[in-house]
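Full structure from sequences and hints, please.
Residue numbers (our numbering), protein chains in the order written: chain Y, 1 to 317; chain F, 1001 to 1379.
These are computed hints drawn from the structure, not numbers from a lab.
Hints may contain errors.
Facing chain F, according to a computed beta carbon distance under 10 Å, are these residues of chain Y, among others [claimed, not checked]:
no. : residue
1   : 214
2   : 221
3   : 235
List of simulated lysine-lysine pairs, BS3-like, C-alpha gap at most 30 Å [unchecked claim]:
no. : chain 1 : residue 1 : chain 2 : residue 2
4   : F       : 1014      : F       : 1025
5   : F       : 1119      : F       : 1129
6   : Y       : 209       : F       : 1030
7   : F       : 1196      : F       : 1014
8   : F       : 1014      : F       : 1303
9   : F       : 1112      : F       : 1171
10  : F       : 1169      : F       : 1148
11  : F       : 1112      : Y       : 209
12  : F       : 1137      : F       : 1171
13  : F       : 1157      : Y       : 209
14  : Y       : 209       : F       : 1119
15  : F       : 1148      : F       : 1171
16  : Y       : 209       : F       : 1148
17  : F       : 1315      : F       : 1348
18  : F       : 1314      : F       : 1342
Derived DEER-like restraints, expressed as beta-carbon distance ranges [what the hints assert, rightly or not]:
no. : chain 1 : residue 1 : chain 2 : residue 2 : range
19  : Y       : 129       : F       : 1030      : 19 to 27 Å
20  : Y       : 304       : F       : 1150      : 24 to 32 Å
21  : F       : 1033      : Y       : 28        : 49 to 57 Å
22  : F       : 1133      : Y       : 304       : 35 to 43 Å
23  : F       : 1250      : Y       : 28        : 51 to 59 Å
24  : F       : 1186      : Y       : 307       : 37 to 45 Å
25  : F       : 1186      : Y       : 132       : 33 to 41 Å
26  : Y       : 48        : F       : 1186      : 51 to 59 Å
Since we're looking at a predicted model, the values are computed, not measured.
A virtual CB, placed ideally from N, CA and C, is assigned to each residue, including glycine.
Chain residues, written in single-letter form:
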Amino acid sequence: MNGAVEKTGSSPFVATLKRLLARTGLSGRTLVIAIPVLWLLIFFLAPFLVVAKISLSEAAIARPPYLPLWEWSEGMLIISLNFANYQYLLDDALYYLSYLSSLKISALSTLFALLIGYPVAYMIARAPDNTRNLLLMLVILPFWTSFLLRVYAWIGILKGNGVINNFLMSIGIIDSPIVMMQTDFAVYVGIVYTYLPFMILPLYANLVKLDESLLEAASDLGARPLTTFLTITLPLSMPGIVAGSMLVFIPAVGEFVIPALLGGPDTLMIGRVLWNEFFSNRDWPVASAVAIAMLVVLVVPVMILQRSQDEKEEAAS
Amino acid sequence: MSEPKSAAETRPWKDPAAVPFISIKNVTKKFGAFTAVNNISLDIYRNELFCLLGGSGCGKSTLLRMLSGFEEITSGTIEIDGQDMVGIAPYERATNMMFQSYALFPHMNVEKNIAYGLKRDGMGGAEIKDRVAEILKLVQLEEFARRKPGQLSGGQKQRVALARSLVKKPKVLLLDEPLGALDKKLREETQFELIKIQESLGVTFVVVTHDQEEAMTISTRIGVMNEGEIVQVGEPHEIYEYPNSRFVAGFIGSVNVFEGQVVDDEQDHVVVRSPDAGIDIFVSHGVSCAPNQKVAYAIRPEKISMSRDRPKDKKNVTSGMVEEVGYLGNLSIYQVMLESGKQIRVAKPNIVRLDEEAISWDEKVFLSWDGSAGVVLVS
Chain Y
1 MNGAVEKTGS SPFVATLKRL LARTGLSGRT LVIAIPVLWL LIFFLAPFLV VAKISLSEAA
61 IARPPYLPLW EWSEGMLIIS LNFANYQYLL DDALYYLSYL SSLKISALST LFALLIGYPV
121 AYMIARAPDN TRNLLLMLVI LPFWTSFLLR VYAWIGILKG NGVINNFLMS IGIIDSPIVM
181 MQTDFAVYVG IVYTYLPFMI LPLYANLVKL DESLLEAASD LGARPLTTFL TITLPLSMPG
241 IVAGSMLVFI PAVGEFVIPA LLGGPDTLMI GRVLWNEFFS NRDWPVASAV AIAMLVVLVV
301 PVMILQRSQD EKEEAAS
Chain F
1001 MSEPKSAAET RPWKDPAAVP FISIKNVTKK FGAFTAVNNI SLDIYRNELF CLLGGSGCGK
1061 STLLRMLSGF EEITSGTIEI DGQDMVGIAP YERATNMMFQ SYALFPHMNV EKNIAYGLKR
1121 DGMGGAEIKD RVAEILKLVQ LEEFARRKPG QLSGGQKQRV ALARSLVKKP KVLLLDEPLG
1181 ALDKKLREET QFELIKIQES LGVTFVVVTH DQEEAMTIST RIGVMNEGEI VQVGEPHEIY
1241 EYPNSRFVAG FIGSVNVFEG QVVDDEQDHV VVRSPDAGID IFVSHGVSCA PNQKVAYAIR
1301 PEKISMSRDR PKDKKNVTSG MVEEVGYLGN LSIYQVMLES GKQIRVAKPN IVRLDEEAIS
1361 WDEKVFLSWD GSAGVVLVS
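Have a look at this one:
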C-alpha cells in the first residue's frame, strides 16, 4: 500500500502537478471543490443573474424583447431599473392566486406522497436483505422511461375512454365515464406518481438505519405498537421526512409539464403562468419577475428550515 | 437484613418446598431447522441474581428474549410469578430488559428516557418526576438528567439503561450482557454496584453473560449453557469446584484434565489410573460409574502444589519439567511437562516479593495434590 502511494507520488505528472499547485497556492482539496463550484457559477448563478437583470428591465417590441438595463448616452451611464414588473405581480390577482394555488397543490401532493411513501419506505427498510435490493430497484425502475412518456401514459389511463373508465364500465359500476382528465385530481395523481421515488428514497435511507432494539426497548417499557411508532420511529425519521418533502415540494411548485398535460384550464400553477408569459405574451421581464419571485417564495422557507435543522443538530451533538 | 437468615431463606433452591418465581418448563425455540434452545427446564427464585453463562450462540440470549416476550416459544411453558407467559406481548409483561446496546432513545434526554416507561403506564406527572429523581439518585446521575445519550460516556449510558429498566419496578429484570461494553476496570466496579442495587430493590435479576468471572462475582446461581441446553446449574463455587462435565470444567476458569480409567471403585474413594499423569490418582470421594469406565480427572492449577523435593504427606505425586513461567503479578502460572508428555498448568501465588529462590525454567519439580483436590468427570 505504502509502496504504491510512493510510486504514484514520484511519477513525473503528479510531481509537476504538485509543483504547480504549490506555486499557485492551491491545494488538491480546493481543486476538487472548484469543479462543482465552477459548474454552479456557470450554469446556475450566471443564468440567475441574467434572469434577475431581465426582470428589472422594460418590455419592448424588439429583439430581445426588452430594453437594456443600462446605456451610455453623451458620456453618462444611464441605469434604468424598472420595478413595475414586480408591482404588476402584486397588482394582478392572477399571479398571487397562481402562487397560492401552486403552493397548495404542491403541499397536498407532498402530503399524499408522504402518506403513500412512508409505509413503502418502512416496508422496504424492514424487508429481508435479498428482497430489499429488488424492492429498491422497483422504486427506481420508472426512471428508466422518460418522464414525459410516463405523464402521457397517465392520459391513457385517466381519459374518458381510458383504462380506468373502460374497466369500471365493463364491470358495470358506472354507466358513463368519470371525468378525471383536465382536473386538479389528474394533476395530483401526476405529481404524486412522478415524485414518489424522491419521497421514498430519503425516507428509506433514514428508516433503514433505525436501530430495531430501540423499538424493542419501547415495547419492553410498555408501549403498544402505535405508541412506539409515534414516540420513537416517527421522531427519529424526521430528517428523512423533511428531506423527502423538500425533494417533492420544491420541484412540484414550479412544475409545468404535469399541469399542462393533465390539468384543465382551471388548474392554476405558476409554471404554466410563467410559460404563457414567456411564450404567448412574449413579456420576458414579467416572466423573469415571476421566476425570481418563485425562487424567493421557495428559498426563504427552505433556508429557515435549514437553519432550524442545523440548530437542532448542534443541540444534539 | 441485619438478622442472619437460615440457609433455606437465602438459598431457596436448597429447599424442595420453595415455589419458583420463574418457572421454565421444557422450553424449545427453533428458527427454521436450527434449534437455538433445546428443551430447557429451569427454576429461578424470587430475589435471585441468576446468570445464564455460555459462549456465543449457546442460546442464552434467545432464552432471555423468550422471557421478555420478543421471541415466541416453539414449545414448552414459561411462568413468571404463577402467570403463564404464552401469548403475552412484551408491553404487557411485568419484565423489563436492559439491552446490550443499551437502546437509549437518542432523541430524548436522560430524564425522558427514564420516564418513558412510567408515562406508558399513565402515571401522573408529579409522581413520574419523583420516581425519576429517585432512580437518578440511585444510579448517581442527577447532574446528567438533561443530557442526551450522545453526550454521555459508556459508563453513564450503562447506568441510564439500568435506571430506565428499573424505574418501573419490574418483577423480573432481564440484563443482556449488562457490562459487556465497559472496560475492565469500570466493569469490576460496576459489578458490585449492580449487586448492591439488586439487593436494595429486591428485584429478581436474570443476567446473560459470556464472561465467567462476571458470572462468578455477581450471581447467586449460574446456569451454564452449551448448544442450546443448560449443562449445569449451581452456585458459583459449585460450578467451579464441582463441574459436572468436561465442558463446564473447561469453560469456567482454567483446568488440567487427565484421561484415565477407574481401577478401584469403593464407597468412599476411587482410584483413576491415568497414563497422562503417570500415576494412579487417588480420589477421596465416591463416584457413580461403571467399573473400568473411562473417565477424566480435572484439577484446577491452583490446587496443585509444586516443590523441588518429593513431598511425603500428599496422596498424589508426580513429576515433570518446568517449561514456561508466566508472571501475572498476584500469581505465576507454570507450564510443566510431565514424563508422559502431557503439559499441565500450575498456579502459585507470589507471596514473597522478588523471590530469588523461585522455581524457574528447566527445573525438575514434583507436583502433588490431595485426594479431594480434583473431580472425576464421567461425561
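Against the 30 Å threshold, does the CA-CA distance of residue 1315 of chain F and residue 1348 of chain F hold or violate the hint? Within the cut-off at roughly 20 Å; holds.
Taken at face value, is the distance from the CA of residue 1148 of chain F to the CA of residue 209 of chain Y at most 30 Å? 19 Å, holds
Is the Cα-Cα distance between residue 1148 of chain F and residue 1171 of chain F 30 Å or less? Answer holds: residue 1148 of chain F to residue 1171 of chain F is near 28 Å, not above 30 Å.
Are the Cα atoms of residue 209 of chain Y and residue 1030 of chain F separated by 30 Å or less? With a Cα-Cα distance of about 28 Å, the restraint between residue 209 of chain Y and residue 1030 of chain F holds, given a limit of 30 Å.
Just to be careful: measuring from the Cβ of residue 235 of chain Y to every Cβ in chain F, is the smallest value less than 10 Å? Holds, because the Cβ-Cβ distance from residue 235 of chain Y to chain F comes to roughly 5 Å (cut-off 10 Å).
Interface hint outcome for residue 221 of chain Y [beta carbon to chain F under 10 Å]: 3 Å, holds
Residue 214 of chain Y was flagged as interface toward chain F. Is the shortest Cβ-Cβ separation under 10 Å? It holds, given that the least Cβ distance between residue 214 of chain Y and chain F is near 5 Å, below 10 Å.
Could you see if the CB distance from residue 1186 of chain F to residue 132 of chain Y stays within 33 to 41 Å? Check passed, 38 Å falls within 33 to 41 Å.
Just to be careful, I want the Cα atoms of residue 1314 of chain F and residue 1342 of chain F compared with a cutoff of 30 Å; is the pair within it? With Cα atoms ~21 Å apart, residue 1314 of chain F and residue 1342 of chain F stay inside 30 Å; holds.
Has the hinted range 49 to 57 Å been met by the Cβ atoms of residue 1033 of chain F and residue 28 of chain Y? 55 Å, holds
Against the 30 Å threshold, does the CA-CA distance of residue 1119 of chain F and residue 1129 of chain F hold or violate the hint? 11 Å, holds
Residue 209 of chain Y and residue 1119 of chain F were given as a pair; does the straight-line alpha-carbon distance stay at or below 30 Å? Holds, at roughly 26 Å.
Violated hints for the displayed structure: none, as all numbered hints are satisfied.
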